[in-house]
Amino acid sequence: MFSDVHGNLTALRAMYRDSRQQGVDEYWFVGDLLMPGPSVGEIWQLMEIMQPTVVVRGNWDDLVVNGARGRMDVNYPSHIYFARLAQYVAEKAPRGMVDEIASWPLHITKQVNGLTFGISHNLPNLNMGQKLFSTQPSANFDELFPHTDPAIDVAIYAHVHHEILRYASDERIVLNPGAVGEPFNRWPKLQSDLRAHYLILDVDELGLAATSFRHVGYSRQEEQAIADQSSVPYVELYDLMMHTGKAYTHDPEKLTRMNQRYQYAEQYLTYCRRIGQQRSN
Numbered sequence: 007m008f009s010d011v012h013g014n015l016t017a018l019r020a021m022y023r024d025s026r027q028q029g030v031d032e033y034w035f036v037g038d039l040l041m042p043g044p045s046v047g048e049i050w051q052l053m054e055i056m057q058p059t060v061v062v063r064g065n066w067d068d069l070v071v072n073g074a075r076g077r078m079d080v081n082y083p084s085h086i087y088f089a090r091l092a093q094y095v096a097e098k099a100p101r102g103m104v105d106e107i108a109s110w111p112l113h114i115t116k117q118v119n120g121l122t123f124g125i126s127h128n129l130p131n132l133n134m135g136q137k138l139f140s141t142q143p144s145a146n147f148d149e150l151f152p153h154t155d156p157a158i159d160v161a162i163y164a165h166v167h168h169e170i171l172r173y174a175s176d177e178r179i180v181l182n183p184g185a186v187g188e189p190f191n192r193w194p195k196l197q198s199d200l201r202a203h204y205l206i207l208d209v210d211e212l213g214l215a216a217t218s219f220r221h222v223g224y225s226r227q228e229e230q231a232i233a234d235q236s237s238v239p240y241v242e243l244y245d246l247m248m249h250t251g252k253a254y255t256h257d258p259e260k261l262t263r264m265n266q267r268y269q270y271a272e273q274y275l276t277y278c279r280r281i282g283q284q285r286s287n
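To convert, note that position 130 of the sequence shown is 136 in our numbering; the numbers rise steadily by one, no gaps.
Only pairs whose alpha carbons sit at most 16 angstroms apart, straight line, appear in this in silico EDC-like list of lysine to aspartate or glutamate:
hint: 1; residue 1: K116; residue 2: D208
hint: 2; residue 1: K260; residue 2: D245
hint: 3; residue 1: K116; residue 2: D210
hint: 4; residue 1: K116; residue 2: D155
hint: 5; residue 1: K260; residue 2: E242
hint: 6; residue 1: K137; residue 2: E149
hint: 7; residue 1: K252; residue 2: D199
hint: 8; residue 1: K98; residue 2: E48
hint: 9; residue 1: K116; residue 2: E32
hint: 10; residue 1: K252; residue 2: E242
hint: 11; residue 1: K116; residue 2: D159
hint: 12; residue 1: K137; residue 2: D148
Hints listed in this document are in silico derivations from the structure and should not be mistaken for laboratory results.
Sequences and hints are given; from them, build the entire structure.
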């Protein structure tokens, strides 16, 4: 299972190669495929090769859809950031990609050898927010187990970019595969591990036979070169993230400077007018 690729093709390729070497025979994707990284069509092609049997929609997937369809406002620096990146995705997207992402569910249950898994990007009915941040109390994670028949035994979520194995209040298992494209950790030594993170589960007739949190190295210089050779907006911030692992999604001062320098809000509004005219013709 893997999540939070965020447009990082080099990391996803490394993860896929490693998963093949490890004998993985089924893929579950737990949301947030694109943005802010530069790759769109190439990532979509790789997803078609992997053919994940489980796919759920993350909050950045919603941003892709809403931005591509001209539904984003430009009232705040971060909104401009999301909107302009979504415009870039829309202009690079293979036919039908945005509509397919829009169709992904928020929550799926899956039966494997008698175990019932509940899979969502964050909460089963909400793919955003910090209620399930890694250090939150166990009671918060109880919400990953809505009443279903059969009852969920293992909950899997993503969103917080942290690898997690922990328990709900009744000791049902909670798993998070971490992030392929943007792993985070507040502890500096742990944050320095910027490899692609994902999780392999081995489920036999007795239950979870093994869990393997994988860290796969890849060339961040190669990923940076892909970005530099593309037309992706905010490429300077992506290059910084490739060096440091730090994201600038919620840095209003830095975003404001870049929005003004490159007139990103104006570009997105022009895009919205263009697609509006196309719909009316």
